[in-house]
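Participant: Now for the letters of each chain:
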Amino acid sequence: MQPETVQIPDADLLRAVAQGDEESLAAIYDRYRTILFGLLFRILGNRAEAEDVLQEVFVQVWQRARDFDENRGKAFTWLVTLARSRAIDRLRSLGSRSRTIEAATKESADAVGDAVEDAINNERGEVVREALKELPEEQRAALLMAYFDGFSQSEIAERTNTPLGTVKTRMRTGMTKLREVLAPRVRDWL
Amino acid sequence: MAEKDYKEILAAHALDALDENERREIDALLTEDAQLRADFDGLRETAAALSFAAEPLEPSADVRSRIFEKIKQTPQTEKPKFTVIEGGKNKSTEKAVPAVVAEFGGMVTPRPSFWSRAAGVVAVAASIAVVILAYSLINTTRQNARAQGEIAGLNQKLSEAEQNLNKTSGELAQIRAERELLASPQTIVAALGGTENSPQARARLVFDKQTGKAFLYVEGLPDAPDGKAYQIWWISDPTKPAPGGTFKTHDNGKGELRDQIPSKDLNAGVFAVTLEPEGGSDAPTSKPYLISKL
Chain A
0 MQPETVQIPD
10 ADLLRAVAQG
20 DEESLAAIYD
30 RYRTILFGLL
40 FRILGNRAEA
50 EDVLQEVFVQ
60 VWQRARDFDE
70 NRGKAFTWLV
80 TLARSRAIDR
90 LRSLGSRSRT
100 IEAATKESAD
110 AVGDAVEDAI
120 NNERGEVVRE
130 ALKELPEEQR
140 AALLMAYFDG
150 FSQSEIAERT
160 NTPLGTVKTR
170 MRTGMTKLRE
180 VLAPRVRDWL
Chain B
0 MAEKDYKEIL
10 AAHALDALDE
20 NERREIDALL
30 TEDAQLRADF
40 DGLRETAAAL
50 SFAAEPLEPS
60 ADVRSRIFEK
70 IKQTPQTEKP
80 KFTVIEGGKN
90 KSTEKAVPAV
100 VAEFGGMVTP
110 RPSFWSRAAG
120 VVAVAASIAV
130 VILAYSLINT
140 TRQNARAQGE
150 IAGLNQKLSE
160 AEQNLNKTSG
170 ELAQIRAERE
180 LLASPQTIVA
190 ALGGTENSPQ
200 ARARLVFDKQ
210 TGKAFLYVEG
220 LPDAPDGKAY
230 QIWWISDPTK
240 PAPGGTFKTH
250 DNGKGELRDQ
260 IPSKDLNAGV
270 FAVTLEPEGG
280 SDAPTSKPYL
290 ISKL
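From first to last, the protein sequence lines stand for chains A and B.
For the first sequence, counting from 1, position 105 maps to 104 in numbering that gives the first Met the number 0; every step adds exactly one.
For the second sequence, counting from 1, position 62 maps to 61 in numbering that gives the first Met the number 0; every step adds exactly one.
Pulled out of the complex, with its shape left as it was, chain B reads as follows (with noise of 0.2 Å):
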């Protein structure tokens, strides 16, 4: 089973809705996979959550007392026999030890020697010392399991940050970038109209006629067909036109271009734009959606 399938049976196995072979593999797998424990327990607690949706109701009172009767003839588990030897005699008292060393009372009843009765007491507290140690140790090891399932899903929004800020921080860098052109007293702003290949259409180039930074911003283009993109042209000599960036339409057929005007091209009077392979070309292959004259 794929992993994408496992995450899409976990919501059914908290709502104990898995057939039974599914179960059984989830199951399995519940136990080796931390994240998928976390994300597991996580919808349980939804689902108990689901408990809340019926009607709180109150039981009758004897329910209660019925119940407490009951638990006193149900024993949890058994409580352990720690026997203890005072001067050859045995007292039995009733101590809450660990189950695995429960049965240990009947083991030491005949009149033990000194040796054998150290020897016990030695076994006693190496199996309390070893029952200690392996509690530890799988309570660590679910500790960790549970804080590896965290860390991975704080590693995830970490990631997704990261990568929100990156995003965040390119827009931020390019509207400082166009706010800046547009503050340089050589700016100059050329509108482009659309041709009959596109009536609609019409853009705004600002350029810095000194250091020859561009914005394109167009609307009303058609969107460009696979493999193909929109390229600006900057043309000083008509029968030359310099190419410059390609760039795609988004929503209703607007789209941005930043780019930078070749310095031999900053004397360009004319700005067009033609539908030309996703690449771009070296000189137009199709008439102009758009153009302007300075």
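Here chain A stands alone, though its shape is the one from the complex (with noise of 0.2 Å):
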């Protein structure tokens, strides 16, 4: 990672990326890769995947970058949103999303104590694990069904075997939580 990159902000530099800096875009690519591959890997499960979709993420962040409006939300955001997005679109295509609750929550639980365990080099990534190993078993299982697997909420009722509604409490509830724990926190980092 370059210093003098980290130092512009991420909107400036898809702003620059907008009229055409490719600097700017390998500056934003340095600065997320790793974040935004450990995500993509987390969703497909697969290398070969997981970097065919972040050449595709970067691309259509080329294409797109006039697209980012500051006012809407952070460039980070904006990032990870695209970069779930095309990953979720990838898994759908590939009709690998077979896991269950089960595993999304042993899953979760596995994270968790990774984190606690490996004192993970990642203040952030850190963080976020903490938020969500407070939330009870369900809540967190939900959410993580939904982010990383794209399961909606009507999938996750199908899948737990659970009342529609109780899936929306849990989510809704889980959410709050971890909005109310993190958001201090992600204004600083994002």
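Please keep in mind that the hints were generated in silico from the structure rather than gathered at the bench.
All values derive from a computational prediction rather than experimental measurement.
Be aware that a few hints might be false.
[Claimed, not checked] The calculated lysine-lysine pairs, modelled on DSS-like cross-linking and capped at a C-alpha distance of 27 Å, are:
1) K208/B x K253/B
2) K227/B x K286/B
3) K166/B x K247/B
4) K227/B x K212/B
5) K132/A x K6/B
6) K176/A x K6/B
7) K247/B x K227/B
8) K156/B x K176/A
9) K286/B x K212/B
[Said to hold, decoys possible] Below, a sample of chain B positions facing chain A; criterion: calculated Cβ distance under 8 Å:
10) A10
11) A47
12) P55
13) F246
[Claimed, not checked] Stretch-level coverage of chain B by chain A, calculated; a stretch enters the list once three of its residues show a Cβ under 8 Å from a Cβ in chain A:
14) 12 to 25
15) 34 to 42
16) 138 to 148
17) 151 to 161
We put the CB at the ideal spot given by N, CA and C, even for glycine.
Fit the two chains together into the complex; they arrive one by one in their own frames, and the hints show the way.
Facilitator: What follows is the structure, encoded as structure tokens:
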């Protein structure tokens, strides 16, 4: 990561990309490649597919940088939303969304456990995992199934054999709690 | 869909977990409701933060080169051609002008007359002005919508803060009044004991024999049934108890009453508490639950 690019705000880099500046795109790539690739790999579970989607995402950033609207949210949020959306589309096209509530729950617990045990050198990841750890297991699983597996509330209800209303409540309560915990930190991060 | 329901599904929408019908409905609302939009944007950021829960991973080194090879063949959007006419010859150059005027170059290539050239220049200037104005308007509208959302949120917080302040001010005023009462040389403290109706109950009545200000603190009283409340009585003449204020209990039979003893009853020697209809009675309708003697 180049020290001088670290200081340039993401939004300024995206504006430069919109003007055709490849170096700014490179700076964004260097800044976020590991977190975005980690997200894509987590969703797709396949390194080759994740790298393919990562390439698509950055080509899309190149093409659509003009669409970024700073008034609507942070640049990182825009990038992550783009990346996740692409990955979920790929996941659906591959027809590989086969995980169950048990798997999602286990994974969420594993992720939390890994964070604690391995003391990952990633403060943000640690903060988010700790925040997730504070949620009841059912709420955490609902959020993770939606975010990383792309399941809708109805699909989660069906797969977990849970009333739809219960899933909605879990999702709303979980997100509200998560927002309360993360909002002060997220403002500094993004 | 009621407002409550919109809030209900906003979190799910931030996770893209809504079914198609709900998604369309909430998307339409988000374009109209600035507060809802602000809430949604906040939840979107929380959802984006979930990406940090994934382990960061280093992609293969060749991904970077593949991306930059690819974008060399990928136009962002067509770079608009802006034709500058010099001495009857056209000189094309590439300039970043708004997409709306991007096709302008093709409109003026034949040898135009002075007036048509002038008209063309005016048309370009007008188009640019319109685009700038439109952009400014859209930007201002968005900023306004965002600001309105923030103002609504701040107003809500202000209202809550005012309510808390009022509550705290009220509590502080009561503490001051109690302190003044306790500091008064005229203050008398009377102990009230439970009767067969409430053997565990007890109370303290603190009152100023000169001003009539009184505080009653009770504990151990059973909860008053719906429609009923406890009432204190000032008793100078046992045949004519004078009615005082009413109160309810909370937290394991605890209760408080701030009252004013009528001047004619300042010499009352006995105080009692009975269970009465919620609005209070003129004369006791039940046996005492607490009674005291000075």
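Participant: Now, for every hint given, state plainly whether the structure supports it.
Facilitator: So, going through the hints one by one against the coordinates:
no.	hint	in the structure
1	K208/B x K253/B	holds (25 Å)
2	K227/B x K286/B	holds (14 Å)
3	K166/B x K247/B	holds (19 Å)
4	K227/B x K212/B	holds (25 Å)
5	K132/A x K6/B	holds (24 Å)
6	K176/A x K6/B	holds (14 Å)
7	K247/B x K227/B	holds (8 Å)
8	K156/B x K176/A	holds (18 Å)
9	K286/B x K212/B	holds (26 Å)
10	A10	holds (4 Å)
11	A47	holds (4 Å)
12	P55	holds (4 Å)
13	F246	violated (37 Å)
14	12 to 25	holds (count 6)
15	34 to 42	holds (count 3)
16	138 to 148	holds (count 4)
17	151 to 161	violated (count 0)
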